[in-house]
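Next come the chains, spelled out residue by residue.
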Amino acid sequence: MYHVLSAHQFDRIQLDQLFRMADIMEYNAKNGGTNLLQGKIMAALFFEPSTRTRFSFESAMMRLSGSVISTENATQFSSAIKGETLEDSIRVISSYADVIVLRHNEEGAAKRAAQVAGVPVINAGDGSGEHPTQSLLDLYTIQKELGAIDGLKVAMVGDLTYGRTVHSLSYMLAKYEKVTVYFVSPENCPIPEKVKAYLDERGVTYFEETDLEKVSGEVDVLYMTRIQKERFPSGEEYLKAAGKYVINQEIVDGMKPNAIILHPLPRAGEILPEVDGDARAAYFRQATNGVYIRMALLAYCLKEQQLERDLEALAEVLK
Amino acid sequence: MYHVLSAHQFDRIQLDQLFRMADIMEYNAKNGGTNLLQGKIMAALFFEPSTRTRFSFESAMMRLSGSVISTENATQFSSAIKGETLEDSIRVISSYADVIVLRHNEEGAAKRAAQVAGVPVINAGDGSGEHPTQSLLDLYTIQKELGAIDGLKVAMVGDLTYGRTVHSLSYMLAKYEKVTVYFVSPENCPIPEKVKAYLDERGVTYFEETDLEKVSGEVDVLYMTRIQKERFPSGEEYLKAAGKYVINQEIVDGMKPNAIILHPLPRAGEILPEVDGDARAAYFRQATNGVYIRMALLAYCLKEQQLERDLEALAEVLK
Amino acid sequence: MYHVLSAHQFDRIQLDQLFRMADIMEYNAKNGGTNLLQGKIMAALFFEPSTRTRFSFESAMMRLSGSVISTENATQFSSAIKGETLEDSIRVISSYADVIVLRHNEEGAAKRAAQVAGVPVINAGDGSGEHPTQSLLDLYTIQKELGAIDGLKVAMVGDLTYGRTVHSLSYMLAKYEKVTVYFVSPENCPIPEKVKAYLDERGVTYFEETDLEKVSGEVDVLYMTRIQKERFPSGEEYLKAAGKYVINQEIVDGMKPNAIILHPLPRAGEILPEVDGDARAAYFRQATNGVYIRMALLAYCLKEQQLERDLEALAEVLK
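Chains as they are written, first to last, in my numbering: chain A, 1361 to 1679; chain B, 1361 to 1679; chain C, 1361 to 1679.
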């Protein structure tokens, strides 16, 4: 059975295949859809609310003509007791659905689920763990917008210490050739040592910087994230740091003509709305790509499962 | 792109067309449905819960073979931050869905959403603003039940100062010929001056009254609404006022044989259950009509959008 | 119109028919599904959350190609008032959906709903009243696993005073021949007199026991339920009682080779996970059977309703 638990599970060849599938999914979605998953059911099992991610997965499933059962309140999975194990819930839902999309607050939850599930599990974020479909759509957007990832200069900006997305993106970029990474953050929330060690091992060039404008004109990709207020000792210091990393039209005007600005969204002031109309503002296209990537993953998991079942049935007949 | 933001956007000819479409939708719904919107996705984006309105829209979309992604908890649209702008949420959902049904607590929210949406927006109520599909289903029910709206006598009863539905219905009735309106309310919650000024300008005859039984025998339509307790200085005065406007079988017996009683529902004692079996009690039929009106609006918005996209694609080819 | 309000409404012949239908539904579900209810809408109207039961019904409806409108928050059915009557809500939803699945906290709610509904109502649990689909899936599982119900020895274990499922199962077993029932409970929560009186009347042999291990080796079916902490005067006494009724591998090893262990789930420690892999652990298969039983019931209700409507239409034409 094929689960999507971590972005790391994909090697370069698989990424290329996935992105080609996503291209085809976009074509399907824009041309009347496809019946690929007709009759299949996806369970969206969210232990914490994330309507954006849930909608993206549900939209993907419906574009494939599949059906959806859904909760953002999975902690109340049973009215009878609190504290049914995740394992029991997953086992039961395996008989209701053909694929489970799991969002959980605990790191490692997706892996635990996959160990007992009777159907494929897709990790839609497990606490401080992984959120592989976000990483994959980020990477897919870069490739789609710029034609290739090899050789690109990528800046990641904001709170880099706790930002799950920038860590994942760093790891994924290391699978490509001659990428240069610029980590731009306030001094109190730098990129962690483990990420740098990972890049060192793989020979990825990177720089650390606190001044956004020193790099914004150099890079092909400007990946913005939120500065989180609670990291700063005082509101004053927060404002000073946050104010340094605000993308306005002036900064965009200084960027390369073919560069792109990405953001995992929601934004909270890091990118001014005045920039939205610029062709380099790619963050809403990025959100759209999420649907195509998720369509590709759902299709892959379920078709692979169908094949397994068919083979089992065949083996049974031949026995 | 065609949005449904206000009942005012429909002129008399468009209303007639819409009501004919709703008739056809009823036929479709009762005869095995239609595949008109197969492959299309509706997002029900509710910033405040209103299961009744949500169910009505979702049922309408499903009767057209469309799919639905849905939340009544859109304030939690993102788990990451509070206060993403409505505009950003709408932009992102535009890539998940083909039409957005928006319920919001702030007046003007639907219009703001329409300005940035990549897909049609239907206003499902924005605070003290508009709730156009309610007005349209009210008007449709009157026409369907009584054959025509011109020349009718319509009483509106209850708290007329804050009742959004009765204001909208008043404005809509002004589009018809020789309608007479009776405003029946306690003295402390009369119909506002602005509504009366509007009717004056358009030459609509109206009367103000506090005694329901003086008009109930005269009118073709008795439109009941709730009296809201918090408007009254004391519980005693509330009960006195509320008690004056309770439809019982005796009052119904004194009504014209072909008159109808409407109510936007839910009711809270203004109409006794003993009346439900009377042929003049049209409020549950009114709720049913809501599905047909919403089917007609969804079909219109999405077919118009399809046409636009096809024309764009054609223009692209011809370029 | 055919409602599913109580497990009692089914006689032995109807149960056999239902179980045959459930077998066919399983075949359908595993072989690409069926379009039996295409174009039909099920409303899941839950006045208290029970994601497990809701998912099971929604999955069943979708396996039949039907659509679903759904809320676990039906107490907020209207944002306008608290306390709309259940009857009014049901009347309105009858115009949105083709079948209503109702979960309510008040005993008798399903029956009240059925009296005013314009469409079939299926009781998904009404307070301390009935939860007929649970009883039916329990019974179906026994028959499916063991081939027949006549002549079986069935133990029910746990809090038998308040356990709705064990009461219902007792009543249902009385419809079969030569069943022997063992009630195993702590002394302070025995099976109620009314259940015993019912079995006495119908000549069903039963025994009361406090020691699980005295019966576990004898029976064909071990039906486990939760011991509820709040029934015990002290935490210490609870632990003593609860600890007596924990199924571990040692107990399972002492059971008949073809016996089965059932549990309505969720479990809270009554069955250790070490037992899950044993072929006699049938509780997850039991949950799966719930989907097939609900498919059969939905199909039956809606096909019966279609037939009624067709006959009415025919009568209209012939008039």
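Calculated directly from the structure, the hints in this document are not laboratory data. Yeah, the Cβ is synthetic: ideal placement off N, Cα and C, and Gly gets one too. Misleading hints may appear alongside valid ones.
As the list claims (entries may be wrong) - Some chain A residues judged to face chain B by a derived CB distance under 8 Å, without partners named:
# : residue
1 : 1365
2 : 1369
3 : 1370
4 : 1393
5 : 1418
6 : 1548
7 : 1626
8 : 1640
9 : 1651
Cross-check of the supplied hints:
1. A hinted interface residue such as residue 1365/A counts as satisfied when its beta carbon comes closer than 8 Å to some beta carbon of chain B; here the least separation is about 20 Å, so the hint is violated.
2. Of the supplied interface hints, the one on residue 1369/A is violated, with its beta-carbon coming no nearer than about 25 Å to a beta-carbon of chain B, more than 8 Å.
3. Hint status for residue 1370/A: violated, given a least beta-carbon distance of 23 Å to chain B, over 8 Å.
4. For residue 1393/A, the interface hint holds, since its Cβ comes within 8 Å of a Cβ in chain B; the closest pair sits about 4 Å apart.
5. Contact between residue 1418/A and chain B, as hinted, is supported at the beta carbon level, the nearest pair being about 5 Å apart and thus within 8 Å.
6. For residue 1548/A, the suggested interface contact is broken, since its CB lies about 20 Å from the closest CB of chain B, more than 8 Å.
7. For the restraint placing residue 1626/A at the interface with chain B, the shortest Cβ-Cβ distance is roughly 4 Å, inside the 8 Å limit, so the hint holds.
8. Contact between residue 1640/A and chain B, as hinted, is not supported at the beta carbon level, the nearest pair being about 16 Å apart and thus beyond 8 Å.
9. Given the 8 Å rule on beta carbons, the hint for residue 1651/A holds: about 6 Å separates it from the nearest Cβ of chain B.
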